[in-house]
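A.B. asks: Here the protein sequences line up with chains F and G, keeping their order.
First residue of the first sequence? That's -5 in our numbering, and the numbers climb one at a time after it.
First residue of the second sequence? That's 7 in our numbering, and the numbers climb one at a time after it.
If you're looking for bench data, these hints aren't it; they were derived computationally from the structure.
This one's a predicted model, so the numbers in the text were calculated from it and none came from an experiment.
The reader is advised that the hints may include incorrect statements.
[As the list claims (entries may be wrong)] Facing chain G, from chain F, some residues (calculated, C-beta under 7 angstroms):
1) G72
2) Q78
3) M81
4) E90
5) I188
Virtual Cβ for every residue (Gly too), placed ideally from N, Cα, C.
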Amino acid sequence: MSLVLNDVTVSRGVGPVISNVTLEVKPGQITTLVGPNGAGKTSLIESIAGVIIPSSGSVVMNDVDITKFSKRKRSRAGLAIVEQGRMIFPSLTVRENLQLTARTKSDFDEAMALFPELEKRMNNNTVLLSGGEQQMVVLARAFASKPKYLLLDEMSLGLAPVVFMRLLPVIEGIAKSGVGVLLVEQFAHLALGIAEDAMVVTSGRVSYHGSPKKLTSDAELMRKSYMGE
Amino acid sequence: MLLNTFAGLTPGVFYGIIGILLTLMAQLTRTVNFSQMGVGMFGGYVGMTMIQKLKIDMWLAALVGLVIAAVLSGIIGWIIATWLPNAQIATRSAVTVAALLLIVATSSVLFGANHSNFKPLLQNNVAEFNVGDVKLFVSQNFVVLLVLALVILIGSSLLLKRTMFGVRLRAISDRQAAAELIGVNVKVLNVGVWVVSGALISITISFMPASISNDYISFSLLVIAGSAAALVGAFKNPWLALLGGVLIGVLQGFVSALPALAAYKEWVTFILILVFLLWNQRKEVWDVAR
Ligand SMILES: Nc1ncnc2c1ncn2[C@@H]1O[C@H](COP(=O)(O)OP(=O)(O)OP(=O)(O)O)[C@@H](O)[C@H]1O
Ligand SMILES: [Mg+2]
């Protein structure tokens, strides 16, 4: 039981932006994926979420081949994604954002409990919230759908490190509850610090796969992986 | 003059409803639906033909018209949702212009010779009163249209704010792609909005004031007056769209009472559109300057 990308190639415009990538996200674990700008991290996440369909290879979730599933069907099957760039619904209140995905009252309450500080903003339009609070809403909304797997694309973007550090333990908690998390990040050290498994992607290829500790403790290895050597 | 101006209220509310529906459609489906009146006209003309040929009851014909308009509208919505889900509003709206042309062309084949005037379902007055020595009438049509306008305005606002169905529609309106990713059935909801809009315009048309010219082309082009009304609310505020519609109706009534200007009655809409476009332009220039 896991979320698996088998030998996936994704083409976009000019040519392949992901070439023959294989990866596995296990339930209850955090897999952190890092890499330089334009490496193809978002394209990878989008191919799992169904925004783009791989030109070859397959996406398998808990032994079900979901490569050809629609976005909606994937979401129903237990996949949740936090897209790059704070995808709140600005004219909806915090409450309504969560209601969109929560199937039951208890799902809603559990998601709300992730960030008690949102309680007093419940009836505010999300457009009025700070960047950090908006990101909390997006994460809580994803969690409210009770996903089996959660894909997070650069949640830290545009946030102060302290604000991002507020999110990290919450992400850890979500993983502990049994959700498989794929964490895509630029803040490599912080994100690798909470991961069980690490990958570096460069120019659409996996240049490192292994222990996150080994990567963070070896600056030369990190540099080489980022250079794709 | 007072008589004509007052009589302009009924067409005014009629234009207002078209404007309200255009506004809601623009908000919820990112499409300026130029085919709206064409769709309603088509349903109405089929109903009318059935009255003449099959001698069916007027109300039954209205129901047939409603179903046809709803289905036709749904088909246009489905085509846009299927093939242009992420297209710009201009591209999506262009499809509705094409649909309008197709509907008008088909109508000329089907109803070509039939220019007999379309009759509203209700033709009596509910009240009459005197102002000075002018006798004013309040028609059943006016009352029904006004109630319909308020029902659509208040109903849609309650639906959007108070129901999960409405929350989903607003989420789609905010960010369609993101809504899809969290599992909202964007296509079904979108097509649903089109179907309801088709049904509502058909109901509205059933109470269309007899004073409005309604051969199938003028009929279909009433969407222009509706757009001018919607423009008053910047395609965002449906209440202002109603106000805009009333403004057009009343101005047209007023102009038609002046012998020197009566021939230019139809220009009112055009001038209003121009004024509002220039007004908006001025604001934008001001924003940029700031
Ligand atoms: N919609 C698109 N059409 C064509 N090419 C695209 C599109 N989106 C991204 N690309 C290209 O695909 C490559 C990978 O982009 P991607 O966004 O997946 O990288 P990334 O690792 O997420 O980068 P970042 O860290 O900046 O978010 C880039 O070369 C980019 O130019
Ligand atoms: Mg990216």
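A.B. asks: Of all the hints numbered above, which does this structure not satisfy? Sort the numbers upward.
C.D. replies: 1, 2, 5
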